[in-house]
Amino acid sequence: MMDKTEKQTETTIMNLGDVASKLGIAVVATAEYHAFNAAERRYRNDPQARELLGRFQEEQRTVQLMEQLGKAAAEDTQRLEGLKKEIDANETLAGHFDAQEKLVALLRELNEFISGQLNMDFAALTKPQRGCC
Amino acid sequence: MLTTQLQRAAEMFTTSVIATHEMDAFVEAKEVFRADPELQSMRKRLSQRSGELQAKQTTGALTQQEIDEVRFLQNTLNAHPLTVQFVQARQAIIARLGECNEAVSEEIGFDFAAAAAPQSCCG
Numbered sequence: 001m002m003d004k005t006e007k008q009t010e011t012t013i014m015n016l017g018d019v020a021s022k023l024g025i026a027v028v029a030t031a032e033y034h035a036f037n038a039a040e041r042r043y044r045n046d047p048q049a050r051e052l053l054g055r056f057q058e059e060q061r062t063v064q065l066m067e068q069l070g071k072a073a074a075e076d077t078q079r080l081e082g083l084k085k086e087i088d089a090n091e092t093l094a095g096h097f098d099a100q101e102k103l104v105a106l107l108r109e110l111n112e113f114i115s116g117q118l119n120m121d122f123a124a125l126t127k128p129q130r131g132c133c
Numbered sequence: 001m002l003t004t005q006l007q008r009a010a011e012m013f014t015t016s017v018i019a020t021h022e023m024d025a026f027v028e029a030k031e032v033f034r035a036d037p038e039l040q041s042m043r044k045r046l047s048q049r050s051g052e053l054q055a056k057q058t059t060g061a062l063t064q065q066e067i068d069e070v071r072f073l074q075n076t077l078n079a080h081p082l083t084v085q086f087v088q089a090r091q092a093i094i095a096r097l098g099e100c101n102e103a104v105s106e107e108i109g110f111d112f113a114a115a116a117a118p119q120s121c122c123g
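These protein sequence lines map, in sequence, to chains A and B. First residue of the first sequence: 1, per my numbering; consecutive thereafter. First residue of the second sequence: 1, per my numbering; consecutive thereafter.
Be a bit skeptical, because a hint or two may be false.
These stretches of chain A come out as covered by chain B in the derived footprint (C-beta under 8 Å, 3 or more residues) [stated by the list, open to error]:
(1) 24-35
(2) 40-49
(3) 63-77
Computed list of chain B residues with no C-beta within reach of chain A, every gap over 10 Å [as the list claims (entries may be wrong)]:
(4) G60
(5) D68
(6) A79
(7) R96
(8) S105
Honestly, the hints are just simulated from the structure, not real lab data. For glycine and all other residues, C-beta sits at the position ideal for the given N, C-alpha and C.
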């Protein structure tokens, strides 16, 4: 662990963009990032998993729309539940979601640490703005 | 759990942000904005009148004159030089942090802030 003077000396010779890049590089070096990358590659190379997820997402959009219109039928919901079970049983997708969840948990923890030091929520202030729901 | 390497990189990052001119200006502007007696009084008055008018709105007793009065109070508060200074300082530090997020995101290959921000109603 560096003392404060050492840290300040080190950071003054680098600009803020470089320090931010180093933070990104430190994220890339974590086990969670490696696992996510591997799971992402496996997903991209598994056409069956991609097709299954695509079908599920399309079905989910349809059911949501039908629900909004008050026209959702029990068979639509059952079909969606069936696809969800297939997704849960698919190793590629389960591994992909698990790796994604663990990486996001790490990034949230990192953001909490940064935000605590800065006394402001770094990610909430800089995330892309979207219209509210 | 943050690794030692990650925590060290995060500490260097926050130390660098805290050392920026934008962060200094923001912290100072925020303190002045919060402590100014005139602004404190304006905020108190606005909050009080807004509460009273909300109660009136539910009973339908709200008048246009009262709406105009609250708008005037809000506009006066927003136009106060110390409020303007605080808002500008806040925008400047957010812009700087946005550049940092871009630099982190470029390394990791996706938007750091979008993935790490706390969940809100908008996701």
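Of the numbered hints stated earlier in the document, which are not met by this structure?
2, 3, 7, 8
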